[in-house]
Amino acid sequence: MGLLDYFRSSGRPRGSASVAKERLQILVAHDRSARDRPSYLPKLEQEILAVIRKYVEVDMNSVSVNYEQEGNQEVLELNIVLPDTAERA
Amino acid sequence: MARIIVITSGKGGVGKTTTAAAMAMGLAQRGHRTVVIDFDVGLRNLDLIMGCERRVVYDLVNVINGEANLNQALIRDKRCDSLYVLPASQTRDKDALTVEGVGKVLEDLGKGHDYVVCDSPAGIEHGATMAMYFADDAVVVTNPEVSSVRDSDRMLGILASKSRRAETNAEPIREHLLLTRYAPERVARGEMLSVDDVQEILSLNLLGVIPDSQAVLNASNAGIPVILDNASDAGQAYSDMVSRYLGEDLPMRFLEPEKKGLFSRFFGG
Numbered sequence: 001m002g003l004l005d006y007f008r009s010s011g012r013p014r015g016s017a018s019v020a021k022e023r024l025q026i027l028v029a030h031d032r033s034a035r036d037r038p039s040y041l042p043k044l045e046q047e048i049l050a051v052i053r054k055y056v057e058v059d060m061n062s063v064s065v066n067y068e069q070e071g072n073q074e075v076l077e078l079n080i081v082l083p084d085t086a087e088r089a
Numbered sequence: 001m002a003r004i005i006v007i008t009s010g011k012g013g014v015g016k017t018t019t020a021a022a023m024a025m026g027l028a029q030r031g032h033r034t035v036v037i038d039f040d041v042g043l044r045n046l047d048l049i050m051g052c053e054r055r056v057v058y059d060l061v062n063v064i065n066g067e068a069n070l071n072q073a074l075i076r077d078k079r080c081d082s083l084y085v086l087p088a089s090q091t092r093d094k095d096a097l098t099v100e101g102v103g104k105v106l107e108d109l110g111k112g113h114d115y116v117v118c119d120s121p122a123g124i125e126h127g128a129t130m131a132m133y134f135a136d137d138a139v140v141v142t143n144p145e146v147s148s149v150r151d152s153d154r155m156l157g158i159l160a161s162k163s164r165r166a167e168t169n170a171e172p173i174r175e176h177l178l179l180t181r182y183a184p185e186r187v188a189r190g191e192m193l194s195v196d197d198v199q200e201i202l203s204l205n206l207l208g209v210i211p212d213s214q215a216v217l218n219a220s221n222a223g224i225p226v227i228l229d230n231a232s233d234a235g236q237a238y239s240d241m242v243s244r245y246l247g248e249d250l251p252m253r254f255l256e257p258e259k260k261g262l263f264s265r266f267f268g269g
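Read top to bottom, the protein sequences are chains A and B. Per my numbering, residue 1 is the first one in the first sequence, and the count goes up by one each step. Per my numbering, residue 1 is the first one in the second sequence, and the count goes up by one each step.
Because the hints were derived from the structure by calculation, they are not lab data. As the structure is a prediction and not an experimental result, all values here were calculated from the model. Do not rely on the hints blindly, as some may be mistaken.
The calculated BS3-like cross-link candidates involving lysine-lysine, where the alpha carbons are at most 27 Å apart (straight line), are [to be verified]:
| id | chain 1 | residue 1 | chain 2 | residue 2 |
| --- | --- | --- | --- | --- |
| 1 | A | Lys43 | B | Lys162 |
| 2 | B | Lys259 | B | Lys11 |
| 3 | B | Lys111 | B | Lys78 |
| 4 | B | Lys162 | B | Lys111 |
| 5 | A | Lys21 | B | Lys11 |
| 6 | A | Lys54 | A | Lys43 |
Which residues of chain A face chain B? A few of them, derived with a C-beta cut under 8 Å, are [as the list claims (entries may be wrong)]:
| id | residue |
| --- | --- |
| 7 | Ser16 |
| 8 | Ser18 |
| 9 | Arg23 |
| 10 | Gln25 |
| 11 | Leu27 |
| 12 | Asp31 |
| 13 | Arg35 |
| 14 | Leu49 |
| 15 | Ala50 |
Every residue, glycine too, gets a C-beta built ideally from N, C-alpha and C.
Modelling step: build the complete structure from the supplied sequences, incorporating the hints.
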């Protein structure tokens, strides 16, 4: 970097590369976790939701499906948040 | 049986064809019988980069359709006896590439050659999946830039699932990273992802780093694979890459900015 560049750049945050790296690390981790999931997962989520809705009024956001792989073990975690008793139909 | 190498990337314009031409020429120069195939049906360019565009008579699709045999379609390189080019068709529909057809061509080529280099089209659609399906090795060409790195990572997912090796539970495709258009000055200024950054994100075996070089455009203008420009940085970097592929342990070059004179150091040349 030249002397003139030094004066020009002073006071301005340096290095967009570190921002790029951070963004990529998050993105790639997200892409990879989605890639390793079984392809039936979204449909499974929808069907489970449909069954629950027969009995309790819940929305899509109340159901979360988590899939994790640790070594030879695969863990499918379902988390359903039921509404308060007062709101039940 | 020849070893099949796919040059892939996902994103366009990162230097796949330049790399395919350089790698094929590099392997052939070292005495290996090599064929380089253009899989970019409809948008062929490899023939231009190789400088044989006026000698194209038949193409890959003609061979698959049985309209020509391999010997009629293969173009022998005028600079290197052990190198042949199999061009893509310019007019056909890309669906003309079938798994059976491509498999037959690669099998026939494999009998008389040591290496078959497949230049993949950009994207993740039919042509690209056909180019990678039979691969033994994949060179993932990546620019130090967010969209290219992300697409390369997606490509790795596809290589791991949509290939013959994946489908038959064979040993997986050997994946290699080639970083191209690398500008050490910009990396030093913190404006560009460094080779270590990209390695950390993709965690792949690094086959080479090709500097962002004027030699690449000069070479493509003239239809000469840049690896033949021994005096250029890019040519030398490609030559190192081919040596590394063949098992030599060479240090990476062209990772540091060029030393500047006193004048340019003061006034930012």
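Against the structure, the hints come out as follows:
1. A:Lys43 x B:Lys162: holds (22 Å)
2. B:Lys259 x B:Lys11: violated (32 Å)
3. B:Lys111 x B:Lys78: Given pair Lys111 (chain B), Lys78 (chain B) holds - Cα atoms ~22 Å apart, limit 27 Å.
4. B:Lys162 x B:Lys111: Distance ~25 Å between Lys162 (chain B) and Lys111 (chain B) Cα, so the pair holds.
5. A:Lys21 x B:Lys11: Roughly 18 Å between the alpha carbons, so the hint for Lys21 (chain A) and Lys11 (chain B) holds.
6. A:Lys54 x A:Lys43: The hint holds at about 17 Å.
7. Ser16: holds (6 Å)
8. Ser18: Holds. Min distance 7 Å.
9. Arg23: holds (6 Å)
10. Gln25: With Cβ-Cβ at 6 Å, under 8 Å, it holds.
11. Leu27: Since chain B brings a Cβ to about 6 Å from Leu27 (chain A), closer than 8 Å, the hint holds.
12. Asp31: OK, holds: Asp31 (chain A) within 8 Å of chain B, min 6 Å.
13. Arg35: holds (5 Å)
14. Leu49: Nearest chain B Cβ about 27 Å off; hint violated.
15. Ala50: violated (29 Å)
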